Amino acid sequence: MGMPKHLSASDIEEFGREMDAIRNEIADSLGSKDRAYILSVIKWQRSLMLAGRIVVFLSFFLLPMSDWTFTGWPQFWAVLLLGAVMLGVSKSIENMELGHNIMHAQFDWMRDPNIQSNTWEWDNVCPSDQWKHSHNVVHHTWTNVHGKDPDIGYGVLRVTDDQRWHAKYLFNPVINFVLMMMFQWGVALHDLEADKLLAGKKSFKEIIPMLKRIGWKVRHQLLKDYVCWPVLGAAVTVPVTVFFGFDVVNIALAGFGFTIVANLIANGIRNIWSNVIIFCGHFPAGVHHFTKEEVEGETRAAWYVRQLLGSCNITGGKLFHILSGNLSHQIEHHLFPDIPANRYAEMSPRVQALAARYGLPYNKGSFTRQFGTTTWNIWRLSLP
Amino acid sequence: MQSEAGSAQLNNSLIKRVAGIVTKVSDAFAFPLRTSHYIELVNPLWSTHALQARVEAVWDETSDSRTITLRPGLNWRSHRPGQHLRIGVPIGGQHFTRTYSISSAPERNDGCFTITVKAIDNGRMSHHLVRKLKVGDYVPIGVPQGDFYLPDAQPVLPLFITAGSGITPIMSMLRSLVLQERMPNTVHIHYAPHTYDVIFGRELKEIADRQKLYTLNLVHTREPGQKPEDITGKRPHFSKEQLEQLCPDWRKRDVYACGPQAMLDAIEKLYESEGLSRQVHTERFRAQLAGVPTEVKTGVVKFLNSDVSANSDGETNLLRLAEDSGLNPEHGCRMGICHGCDVKLASGCVRDLRTNALINETGQVIQICVCAAVGDAEIEV
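Chains Y and S supply the protein sequences, listed in that same order.
With the numbering used here, letter number 180 in the first sequence gets 282, and the count goes up by one each step, no holes.
With the numbering used here, letter number 94 in the second sequence gets 97, and the count goes up by one each step, no holes.
Hints are computed from structural coordinates only; laboratory data are not their basis.
Accuracy of the hints is not assured; some may be wrong.
Unchecked claim - Quick list of in silico lysine-lysine cross-link-like pairs, BS3-like style, CA-CA up to 30 angstroms: (1) S/K121 to S/K27; (2) S/K135 to Y/K135; (3) S/K137 to Y/K145; (4) S/K137 to S/K121; (5) Y/K270 to Y/K250; (6) Y/K466 to Y/K135; (7) Y/K107 to Y/K394; (8) S/K243 to S/K215; (9) Y/K394 to Y/K298; (10) Y/K250 to Y/K307; (11) S/K27 to Y/K314; (12) Y/K303 to Y/K270; (13) Y/K145 to S/K27; (14) S/K347 to Y/K145; (15) Y/K303 to Y/K250; (16) Y/K107 to Y/K250; (17) Y/K307 to Y/K394; (18) Y/K326 to S/K27; (19) Y/K250 to Y/K298; (20) Y/K394 to Y/K250; (21) S/K300 to S/K272; (22) Y/K250 to Y/K466; (23) Y/K270 to Y/K298; (24) S/K137 to Y/K135; (25) Y/K466 to Y/K107; (26) Y/K270 to Y/K145; (27) S/K121 to Y/K135; (28) S/K135 to Y/K145; (29) Y/K304 to Y/K394; (30) Y/K135 to S/K347; (31) S/K347 to Y/K314; (32) Y/K420 to Y/K135; (33) Y/K250 to Y/K304; (34) Y/K314 to Y/K298; (35) Y/K326 to S/K19; (36) S/K255 to S/K243.
Stated by the list, open to error - Stretch by stretch, here's where chain S covers chain Y in the computed footprint (C-beta under 8 angstroms, at least three residues): (37) 144 to 152; (38) 207 to 213; (39) 221 to 229; (40) 236 to 245.
Predicted model only: the values in this text are computed from it and were never measured.
Using N, Cα and C, we set each Cβ at its ideal position, and we do this for glycine too.
Let the hints inform the model, and build the full structure from the sequences given.
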């Protein structure tokens, strides 16, 4: 399904003007409340991050290696998992509600030197500058245009009938699962355009500077989660063991190892969650795709139409929207990528009404519907 | 003596190195942030990535001016009397920066300093500082800057000429001289509209009473209740005749002046005509805002990083203008979505072609693919 046939060029321009009106009205109303919102999310996210790490450490005192009455494996795992989930939720918010949105320049209007799209770096192995290119510049400009938008299947998946079937797509379900588990790594390699590299359209030499930058980011990320915090984890177990007179080496090793486990779980939660939300934004049933010919000489108004047809919303409560970085309002996000995401909820009914007036679909559904059809699609498309 | 100083220095550099290593290690735990971002959660004054100050007290000097006592964070360094600093305040969610002179003496020993702000008509920032800032608020600040201060080898005969809120840097100097008990032979001419709106009026009179070498001349420029537009005849503003009368030995003195542009210009002109320009020291705060024209205006756009200028018709976007001039600025979507072309506005005014909103704040980031210059402008391309 491509661009709608029932609208004339002047209809589309009128539609665009009305979209602009919504955008301008919200842009004009930005103020102290939006600033207070993002500052409080930053504060809560950082506090939750610290709290999660501390809870993980507290779980070591419940390891059955010590003689304390309250120790035992079930208690230990319960507390460790609690800490890991807190950390995972905090990382999800950091990547989506903060990183993604701030790097979209949604808060540049505040001119706060600490919250600027060009200096913000996120807790993810993908360097922010490369992400901003592959995401803001390429994906948001060419949303769902075949041969232009690398986010259609990320070069490894078949997500629509328009992609010609190939035997490699038999592995669609497997690749889908692996990509979900390793999502931040997929994001990190995305801007290298590996498919062009393999097809010989891009030389290896071209990507060396990018690889170096990824290397720098990966090194620091791994050092933090899998060396620094685990060492500190080992260190915090020492006082207890000395106090109880237990084998220092074993319990310190456990502290080291279980911090790694907790961080792996936290990063895993973030990977799965961000993958699920992002896949639900463009791959559920009913989403439109476009050809290069259709977007030839496209106006801003036609671009609005394409963004509306190429994105899907997920319905849910306020907390769900914050946890998903408001990408559950994917349609509004694609129409107004640099409007602060905390405003998408109030824009949504107006956009939906506008779409209805022009006879355009507004693809929204429950999490089950959007994720279900996405997964089903990907499985079904592994076959011709 | 020398070896003692040497070992102190060694100690200092050792402490710095150890602190550097500790910070580097602890920052590895906080990547991509810094430890300071988490310390800020506990106390914003302890953070090192951004210097902030807490409002400790506010005090109304006159009906439209207020002294704000600020406690600066860890990375603060003490000022020299007469220096100024940059203060940022979010108004309507937006961050604005202005420069204010410090009005307290560096000898003040409670770790705080003060600024004294007068609410200017239509001054967004000064109104916010005077009317809305509350005790307990945090504001981002810069470190003290500027070369408007008394040299360590003091001039033998200072002549202070101030008007209105231009008193602030001189007040810092006077307070410092009083505290150090080294007031030289000083003449001070201060202009204010009326007796009741002299900022620091009482303190100035007290200093004049106690310090024999300090002569204060208060000049009131308006009758009580008089409005500026009602003044007829000769205005009692700065002039050579007046200076001869208030300070006959003015040619021998070093002038430190702060006040409106017109007054500073007049002082500089007078001393220049006598060949005494070297004795004049002035503190000027240039307005950071360019004028906002009401219609489409042609002008010259200067691309600072490449030292290229181009004529703008007021309609063409800056990206196109740069490309037509042979430049190739970074960009992405060309329609204001991706922010791939964001650059800083160095001076002048631009118009957002989508909304017709005017942007004239120096240092603001603009999207050059959807902005056109209004009149002359300078951008960092």
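Going through the numbered hints above, which ones does this structure break? Give me the numbers in ascending order.
1, 21, 26
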